[in-house]
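Colleague: Residue numbers (this note's numbering), protein chains in the order written: chain A, 981 to 1232; chain B, -17 to 234.
Certain hints may be false.
As the list claims (entries may be wrong) - Negatives, chain B to chain A, calculated, CB over 12 Å:
(1) LEU33
(2) ASP143
(3) LEU168
(4) PRO212
Unchecked claim - Quick list of the computed label-pair ranges, beta carbon to beta carbon:
(5) B/GLY(-6) / A/ASP996: 14 to 22 Å
(6) A/GLU1073 / B/ALA96: 47 to 55 Å
(7) A/LEU1221 / B/GLY100: 28 to 36 Å
(8) A/LYS1165 / B/ASP51: 58 to 66 Å
(9) B/GLY(-6) / A/ALA1202: 19 to 27 Å
(10) B/ALA210 / A/GLY984: 28 to 36 Å
(11) B/VAL(-3) / A/GLU1073: 27 to 35 Å
(12) B/PHE68 / A/ASP996: 27 to 35 Å
(13) A/GLN1203 / B/ARG114: 23 to 31 Å
(14) A/LEU1143 / B/GLY121: 29 to 37 Å
Since the hints were derived computationally from the structure, they do not count as laboratory data.
Using N, Cα and C, we set each Cβ at its ideal position, and we do this for glycine too.
The chain contents come next:
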Amino acid sequence: MAVGRLLGTAVHGAFDRVGHATVETARALADVRTWGPHLFLHMRRLGADSIPIALFLALFTGIVLALLANYIFTGAVPTYFVGTLVAKAIMMELGPVLTGMALAGRVGANVAAELGSMRVTEQVDALETLGYNPRAYLVVPRVVAATLMFPVVTALAMGLGVLSGWLTAVNTLDVTSIEFAKGAKLFYRHKDVWYGLVKAASFGTAVTLLGAVAGLETRGGAQGVGRATTRAVVYGCMAILVLDAFWAVVLL
Amino acid sequence: MIRFEGVHKRFGRNVVLDGLDLEIPAGRTTAVIGFSGSGKSVLLKHIVGLLAPDAGRVLFEGEAVHELDPGGLERLRGRVGYVFQFAALLDSLTVAENIRLGLVRRRLDEGEIARRVGESLRVVDLEGTDERYPAELSGGMRKRVGIARAIALRPDYILFDEPTTGLDPVTTASMDALMRRVRSELGATSVVVSHDMTSVFGIADRIAMLYEGRVRQVGTVEEIRGSADPVVRAFIEGRAEAFAAPAESGSA
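Taking the hints into account, I'd like the entire structure generated from these sequences.
Modeller: The following block contains the structure:
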């Protein structure tokens, strides 16, 4: 019972802090003069610079999916369903979720470590004494940048994932390009794409917001920054899975 | 004038300020001395609203700091320059960009900003360092940039948090001279938190000693030098044996 109560208090506390941070960050959105000039810098750092890792993941995901589909469908199902499975799975699920997970590590850790270091070296306090709202200066541009850029990175990952799946299918399996394309188009709906991109945008918001909360709550020195970084990645990954389920319930 | 009235502040079970009463008169340099962890930096942070008292109040020219709305707090901070213990320069920005931060926030025109940046760097003898990053500077240079950032705002009050900690004797002497020069050029009310008695005796008009969360004694340099209080005497003479267990929490 005591463990349950402690767990309940901890979960309630975490939701309370994240909720408070969300409201404060939403309020700080109005201070465009502060965060606007930093937006493109963070779009590059959090988004464009994440493209290589996302593409690396997508490349191998496409290859494995094509091989897996071929293994599953052998004999019982027409081989053009390889295209169906690769396209559907990458666009609707694996593209956004795997890219989100990779970016939770790269972006979430980056945001938490940077803001955590700034917190323990009093740079956040310095910003406040200079008249800035730290959320407007530090958090909002990162959250907005990630929300805009995660879908872009995910779209590229989706494209490469399908491409690598197609190349794998036509080069190593008994599937032609025409068959692969036929399968990919078979149950295709535009929703497949925007569903994945909406999820990616929400992952971007969650990962950076949780990273920022962990960073700004950092106490102590290097150890505190390490703990904040770990928390940001773990909570970021958990948030992606919860949001993934949420969007499946709401949009499918 | 700044006045502390019965200020209490604790962090967890660690009572830092325990009914602190102190008056900081305008136009003078008041030094606050005390052990590491005695609450000197905590006292400074209350003046600019970075911390709020658990009980009691801090009056800044008659207004309770923790009761100010965000606009009032921003106006207050606009009149105060804060020099942090380790300078707290934003390490992603150059020296000039760090000094510009507060000026941009105050919406000064570009010409005025450039003039003030140059003038502040001249006062702290760091001309030509505009484009260097904090990581490329020595500890003493970083502290001087911190002072430049504070004085560029032409503040009515300037708060120095351990300005000479970690500096060699020669750099300490030049820092003392700089603080005197800043005081004479700006005519600002200065509050200097330090446990460097040589430095304090050289720059202060008044000295207040914090001990066990309260002001143990406050007086002129001569009054403190000639104090009959055994705690004050032992502290300024550096006699550790006079204290059974000096406060030593580190963060305050």
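Colleague: Does each hint hold? Answer for all of them.
Modeller: Hints and how they fare:
Listed as a non-interface residue, B/LEU33 fails to keep its Cβ farther than 12 Å from every Cβ of chain A; the least gap is roughly 10 Å. The Cβ of B/ASP143 does not lie farther than 12 Å from every Cβ of chain A; its closest approach is about 9 Å, which violates its non-interface assignment. No beta-carbon of chain A comes within 12 Å of the beta-carbon of B/LEU168; the shortest separation is about 16 Å. Against the 12 Å criterion, B/PRO212 stays outside the reach of chain A, whose nearest CB is about 34 Å from its own CB.
Taken as a hint, the range 14 to 22 Å holds for the pair B/GLY(-6) and A/ASP996, whose Cβ atoms sit roughly 19 Å apart. Taking 47 to 55 Å as the suggested C-beta distance range, the pair A/GLU1073 and B/ALA96 conforms, at roughly 54 Å. A/LEU1221 and B/GLY100 have their C-beta atoms about 54 Å apart, which leaves the hinted 28 to 36 Å range violated. Distance hint for A/LYS1165 and B/ASP51: a CB-CB separation of about 59 Å, consistent with the stated range 58 to 66 Å.
With their beta carbons about 21 Å apart, B/GLY(-6) and A/ALA1202 fall inside the hinted range of 19 to 27 Å. A C-beta distance of roughly 60 Å is found between B/ALA210 and A/GLY984, which places it outside the suggested range of 28 to 36 Å. As the Cβ distance of B/VAL(-3) to A/GLU1073 is approximately 54 Å, the hint placing it in 27 to 35 Å is violated. At about 32 Å, the CB distance of B/PHE68 to A/ASP996 agrees with the hint of 27 to 35 Å.
The supplied range of 23 to 31 Å is met by A/GLN1203 and B/ARG114, whose beta-carbon atoms lie about 30 Å from each other. Between A/LEU1143 and B/GLY121 the beta carbons are some 53 Å apart, a value that contradicts the proposed interval 29 to 37 Å.
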